[in-house]
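Chains A and B are the protein sequences, given in the same order.
Quick note on the working numbering: the first sequence kicks off at 1 and runs consecutively.
Quick note on the working numbering: the second sequence kicks off at 1 and runs consecutively.
These aren't lab readings, by the way, just hints derived from the structure by calculation.
Don't be surprised by glycine CBs; every beta carbon is placed ideally from N, CA and C.
The reader is advised that the hints may include incorrect statements.
[Unchecked claim] Covered stretches of chain A (in silico footprint by chain B; criterion: 3 or more residues with CB under 8 Å from a CB of chain B, positions within the stretch not fixed):
1) 25–34
2) 57–67
3) 186–194
If you want the building blocks of each chain, they are given just below.
Protein chains: 2
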Amino acid sequence: MDIFEGRQAIRERLLSDATHRMKNIMGGISGFAALILKDLDEGSHHYPLVERIQENVIRLDQFLLDVMTLVRERTMYSETIDLPSTVRDVCVNHYADPADDNPDYPFKIESSPSRIPFRADPLLIRNGLYHALQIVDALSSKIETLRIESDDAAVSLRYIFVCDKSLNALKEDILAGLGSIESVDIQLSLAVCLKLMRMHQGEVQIDHLDGKRWIFLLRFSLNDR
Amino acid sequence: MDIFEGRQAIRERLLSDATHRMKNIMGGISGFAALILKDLDEGSHHYPLVERIQENVIRLDQFLLDVMTLVRERTMYSETIDLPSTVRDVCVNHYADPADDNPDYPFKIESSPSRIPFRADPLLIRNGLYHALQIVDALSSKIETLRIESDDAAVSLRYIFVCDKSLNALKEDILAGLGSIESVDIQLSLAVCLKLMRMHQGEVQIDHLDGKRWIFLLRFSLNDR
Chain A
1 MDIFEGRQAI RERLLSDATH RMKNIMGGIS GFAALILKDL DEGSHHYPLV
51 ERIQENVIRL DQFLLDVMTL VRERTMYSET IDLPSTVRDV CVNHYADPAD
101 DNPDYPFKIE SSPSRIPFRA DPLLIRNGLY HALQIVDALS SKIETLRIES
151 DDAAVSLRYI FVCDKSLNAL KEDILAGLGS IESVDIQLSL AVCLKLMRMH
201 QGEVQIDHLD GKRWIFLLRF SLNDR
Chain B
1 MDIFEGRQAI RERLLSDATH RMKNIMGGIS GFAALILKDL DEGSHHYPLV
51 ERIQENVIRL DQFLLDVMTL VRERTMYSET IDLPSTVRDV CVNHYADPAD
101 DNPDYPFKIE SSPSRIPFRA DPLLIRNGLY HALQIVDALS SKIETLRIES
151 DDAAVSLRYI FVCDKSLNAL KEDILAGLGS IESVDIQLSL AVCLKLMRMH
201 QGEVQIDHLD GKRWIFLLRF SLNDR
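Produce the entire structure from the sequences given, and follow the hints as far as they go.
As structure tokens, then:
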């Protein structure tokens with residue numbers, strides 16, 4: 001069935017080209033919407049409709065990134081980012097309106113060392129971190145801490161969270177790959193997260209810490225990078 | 001790299017689900033645009049902008065179908081269609097505004113027998129025929145005839161067209177799979193067409209007929225269907 005057998009480079013190029021063009025078309029839609037919005041009063045009854053168009057383009061862009069992540073074989077681009085800043089940025093963006101007076105918003109993020117240079121596709125790694133947060137959010141009643149640590153061999157992100165249910169079944173599912181998780185949203189998040197981690201020599205794990213506390217672990221190997 | 005190894009059903013379901021949701025979001029954009037358009041004069045300077053939004057959604061939908069065709073393993077749905085009617089329909093839609101007084105518009109389509117029941121995913125097969133036409137259009141200076149024939153073993157569509165250049169290189173490319181065709185549009189069309197044909201037990205071939213006339217052949221096997 002695979003017409004690209006032995007021609008992965010062609011497949012990747014065509015998918016990459018089609019993605020760019022879809023992004024351009026979506027950019028066009030946003031642009032036309034912005035032109036209309038510029039002329040409108042906020043009170044105009046067209047205003048919320050045009051805003052909905054813009055919101056839908058953003059959602060579409062997210063799905064496109066996810067789908068392309070699932071079907072592509074490798075990262076096409078990478079640069080050195082500071083991992084703790086990226087993690088903080090994704091966490092803060094993920095939750096609406098941080099409380100200005102809360103330095104631990106949305107939860108405590110600890111990093112050791114405080115800066116960790118990390119080679120990755122910035123767009124993809126942000127998407128992976130976004131989906132990791134979606135997963136932990138869905139599993140937990142509360143996220144306590146996110147600990148980022150680096151040594152010579154690996155970088156690890158430990159999301160420590162409280163969960164009232166037993167996570168053994170899910171843990172097995174995750175270790176086995178995907179499996180019988182019910183929510184399609186979480187399945188998609190998990191699939192994208194797993195794929196992105198592998199694209200960056202990373203892996204996903206769930207471990208029990210104590211009592212009702214669990215660790216969702218993203219671990220990137222620093223060898224062969 | 002493939003987190004779906006041995007879990008093709010999960011992969012197909014997730015891709016299918018993500019596609020449906022992208023289509024819903026695009027439907028939303030079209031719907032909001034239609035609501036705005038309903039209120040507007042054709043003379044309003046917003047009118048063409050909203051129309052462009054709608055056109056872009058249609059182009060996006062086409063790319064989404066193409067990308068999903070390239071990455072999916074199998075058809076999910078099939079029904080019995082009449083192949084000659086579908087072919088005629090796609091050909092007429094492909095060219096703008098048929099001349100009312102020309103029974104052979106856009107070119108002569110002959111079918112023997114006149115009706116050929118054919119089991120396929122109607123959306124996918126139409127997309128395959130659309131791309132086949134894109135390819136033949138790009139290769140030819142003129143399409144003369146499209147001959148649809150059916151016997152017990154196979155259904156074949158022969159696009160007979162005139163081409164001033166030698167097609168040997170392209171012919172080899174097509175037989176080999178893809179290769180060194182320069183235009184990305186045609187590469188995408190060819191990749192989608194090849195993939196769709198294989199999904200429906202079909203194959204693509206280019207043969208020399210005589211002089212400057214060539215045959216672009218789509219052949220569907222009727223065994224194992």
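* Asked: Looking back at the numbered hints, which does the structure fail to meet, lowest number first?
  -> none
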